[in-house]
Amino acid sequence: MDEKRIHVISALVLNKPGVLQRVAGLFTRRGFNIDNITVGASEQENMARMTIISHGDENVLEQIIKQLNKLIDVVKVRDLDPENTVKRELCLIKISTSSEKVRSEIIQYANIFRGRIIDVSPETLTVEITGAPEKIEALIDLLQGFGIKQIARTGATAISRGMVE
Amino acid sequence: MKGSEAIIKSLQDQGVDVVFGYPGGVLLPLYDELYDSDLKHILVRHEQCAAHAADGYARASGKVGVCIGTSGPGATNLVTGIATAHMDSSPILAIAGQVATGLIGRDAFQEVDTLGLTMPITKHNFQAMHADEIPGIIKSSFYIANTGRPGPVAIDLPKDVQEEEFDYKNDFQIDLPGYKPTKKGHPLQIKKASNLILNSKKPVILAGGGVIISESSDELMELSKVINAPVTTTLMGKGSFSEDHPLSIGMLGMHGRKVANMMVDECDCLIVIGCRFSDRTTGKVDEFAPNAKIIQIDVDPAEIGKNVSIDVPIVGDAKIVMSSLIKAIEKLKQKKQSGSSSKWTKYISDFKINCTPRLSYEDVPLKPQQVIKEIRNTLDDETIVTTDVGQNQMWMAHYFTTKIPRTFLSSGGLGTMGFGFPAAMGAKVALPENDVVAVCGDGGFLMVSQDLATIKEYDIPVVICVLDNRYLGMVAQWQKLFYNKRISHTRLGEVPDFVKLAEAYGVKGERVKKPGEMEETLKSALKSGEPTLIDVVIDPDEILPMVPPGCGITEIVGEYKVEREVPGEIPYRAPHIGEDGD
Ligand SMILES: Cc1ncc(C[n+]2csc(CCOP(=O)(O)OP(=O)(O)O)c2C)c(N)n1
Ligand SMILES: [Mg+2]
Chain A
10 MDEKRIHVIS ALVLNKPGVL QRVAGLFTRR GFNIDNITVG ASEQENMARM
60 TIISHGDENV LEQIIKQLNK LIDVVKVRDL DPENTVKREL CLIKISTSSE
110 KVRSEIIQYA NIFRGRIIDV SPETLTVEIT GAPEKIEALI DLLQGFGIKQ
160 IARTGATAIS RGMVE
Chain B
622 MKGSEAIIKS LQDQGVDVVF GYPGGVLLPL YDELYDSDLK HILVRHEQCA
672 AHAADGYARA SGKVGVCIGT SGPGATNLVT GIATAHMDSS PILAIAGQVA
722 TGLIGRDAFQ EVDTLGLTMP ITKHNFQAMH ADEIPGIIKS SFYIANTGRP
772 GPVAIDLPKD VQEEEFDYKN DFQIDLPGYK PTKKGHPLQI KKASNLILNS
822 KKPVILAGGG VIISESSDEL MELSKVINAP VTTTLMGKGS FSEDHPLSIG
872 MLGMHGRKVA NMMVDECDCL IVIGCRFSDR TTGKVDEFAP NAKIIQIDVD
922 PAEIGKNVSI DVPIVGDAKI VMSSLIKAIE KLKQKKQSGS SSKWTKYISD
972 FKINCTPRLS YEDVPLKPQQ VIKEIRNTLD DETIVTTDVG QNQMWMAHYF
1022 TTKIPRTFLS SGGLGTMGFG FPAAMGAKVA LPENDVVAVC GDGGFLMVSQ
1072 DLATIKEYDI PVVICVLDNR YLGMVAQWQK LFYNKRISHT RLGEVPDFVK
1122 LAEAYGVKGE RVKKPGEMEE TLKSALKSGE PTLIDVVIDP DEILPMVPPG
1172 CGITEIVGEY KVEREVPGEI PYRAPHIGED GD
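Taken in sequence, the protein lines are chains A and B. For what it's worth, our numbering labels the leading residue of the first sequence as 10, then goes sequentially. For what it's worth, our numbering labels the leading residue of the second sequence as 622, then goes sequentially.
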């Protein structure tokens, strides 16, 4: 029961100023963890979908969901079942490229990971990759040796599979 | 219509006839509108008092109380009062002025992030960026503040929005897709709860402030009779069940009645209604009601299991849920499930007699118990008493017999010194027919004493009893009990002369020093119909027995002085009741 695990919480919220602050403030005040949070428009007009990844035991999760539900600007909250959820993240990685050889190696890795090169300069290459967070970690690990200059990650967003709500 | 006019019209549409406020630069448009409005405005002398007065108004009447303050310092002064209302689920509307929209974010004169400041201490807050939003915001604010679990709502109101003209239409709808409070309890849970209750032999009911808010004291009384269960309350629940009823066992918790603490420890089924399991109520959570299955009824799902794990949760309005529960239990009873018996209630009443606190003392300086006894003797049941925070509050909570809901108002959750007097002012404004008496500590009263001017100017005849021990008594009590009697910075000294202080404001001042005088003085103060302050000189050394923080609620320290010593104490623990099955 009190096993800690990762939770993916999907919340439909009113697309109004201050909503993010309300949600973030709630997590801070009640001592809940936010591993990452993403927000964007949803399928419904005037509503945004927030995906919050958090960890904690079942009691903590229950409190998080109940407290989120209490916020007037939060319309609906779901704890997505990890078995039936697709998680995706976008990541941009800028790498120093000293030689032609290095460049082609990086491009090869990017291809294997279905990444794309989206910017090139004499000293750098920028790779774009989307996928499950684990896949992104793997590519970053591989590229580490070349000298990563910058990483920008969106954090994961998630959706349930099929007709599962 | 101008924004400022819309505010007043919208407030009046919600039935508001009085507001407590304090003006300032950004509120000039609103105050200009108030100038020829028939909405009554009471000018307090500190915004904190406006918020507490609105809160007292709300607690006494059940209606939303309204307070107003200017931007910046006006808003920050409101904050303590808003937080106080939030912790005790009291429906107030706080309107704070804001700098003009074009200046927001530029650190303008008297700009503060009111929205950000009040976010964690309100049920919800709004910022009106255009005048045409005002009617909808105010209507929604009242709906949010006083439905479901009530609470404060704040509105941030920029200056230019008050001046903006718009086409007033009366056809706006409340559109809050994220807000749907649950009312009815789930039938399956009610069935489970009924079975549990009827299978228990030693049930106890714990009633919190939610019973008062949902106006379900009648249902509570019926439930306790139907299931033969004694009733204890939290501080906020005081008045939900008449404390002179034989089934009442008084307040529970850190400063609770001995019988209440012992019986909650003893019971095999605890039915908790509208109570959020504050640490002041439960003591050490792991040792709370160790022998009991716990049923919790609350309108706020987030309260279920937050602090204490619950066997049968029921989410819903206490009034509706209790009615369903009573029906379900009566049905089961016909199928001759027995439940608790008179053996249990008899055991409790014997135990209760044995630890009824002693109230009569002839001592000078006065013992607080004697003072409270005299206050109780003087007041009729409908009199609203407010308390401040500290020993005065806990003495009142412990010793003062409260009989009906909404007559005992106290800052429970936030424990805000300075609450008692302005809350009394608000209560008196809400219910001018009722007598209103504030029982304050000398420290707490001095935090708000400037508002003596308000009760004088507006002729709000409350009676303030200052329990004058010249100490921050409650803190000194902890220093005596837990910090080696090192009385660090809790002695208040000899000033002020409270009688003269009152007189400086044109308020009648009296002093009481000996047994019998309180009754006499209070009686004539109430009869005079004038605002009065009574300086009650009490014994600074009196200590209320208490449960040290972090301990289970049966571990009461300090001598628990009882009214009459009965030879052969009733044994604590009554296992026989459970075992032979009756
Ligand atoms: C605004 C505020 N500041 C500090 C405290 C901490 N505090 C709790 S009780 C107390 C002493 C109160 O003294 P007094 O008002 O004289 O009441 P007494 O305990 O003597 O009855 C203090 C300082 C508080 N509750 N509220
Ligand atoms: Mg004092």
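Worth flagging that the hints you see were computed from the coordinates, not collected in a lab. Accuracy of the hints is not assured; some may be wrong.
The list that follows gives simulated cross-link-like pairs (lysine-lysine, PhoX-like), each with its CA atoms no further than 25 Å apart [to be verified]:
id, chain 1, residue 1, chain 2, residue 2
1, B, LYS801, A, LYS25
2, A, LYS85, B, LYS1121
3, B, LYS967, A, LYS85
4, A, LYS85, B, LYS804
5, B, LYS914, B, LYS790
6, B, LYS813, B, LYS760
7, B, LYS1077, B, LYS1101
8, B, LYS790, A, LYS75
9, A, LYS75, B, LYS914
10, B, LYS790, B, LYS623
11, B, LYS684, A, LYS25
Remember, predicted model here, so these are calculated numbers, not experimental data.
Tested hints:
Restraint check: the Cα-Cα separation between LYS801/B and LYS25/A comes to about 19 Å, which is no more than 25 Å; the hinted pair holds. Distance hint between LYS85/A and LYS1121/B is unfulfilled; the C-alpha atoms sit about 59 Å from each other, more than 25 Å. Simply put, LYS967/B and LYS85/A have alpha-carbon atoms about 50 Å apart, too far for the 25 Å limit, and the pair is violated. With a C-alpha separation of about 18 Å, the suggested pair LYS85/A and LYS804/B falls inside the 25 Å cut-off, and the hint holds.
Proposed proximity of LYS914/B and LYS790/B is contradicted: the alpha carbons are some 54 Å apart, above 25 Å. About 39 Å separates the Cα atoms of LYS813/B and LYS760/B, which puts this hinted pair outside 25 Å; it is violated. Between LYS1077/B and LYS1101/B the alpha-carbon distance is near 39 Å, which puts this suggested pair outside the 25 Å criterion. About 36 Å separates the Cα atoms of LYS790/B and LYS75/A, which puts this hinted pair outside 25 Å; it is violated.
For the suggested pair LYS75/A and LYS914/B, the alpha carbons sit about 23 Å apart, so the restraint of at most 25 Å is met. Distance hint between LYS790/B and LYS623/B is fulfilled; the C-alpha atoms sit about 12 Å from each other, no more than 25 Å. Distance hint between LYS684/B and LYS25/A is unfulfilled; the C-alpha atoms sit about 29 Å from each other, more than 25 Å.
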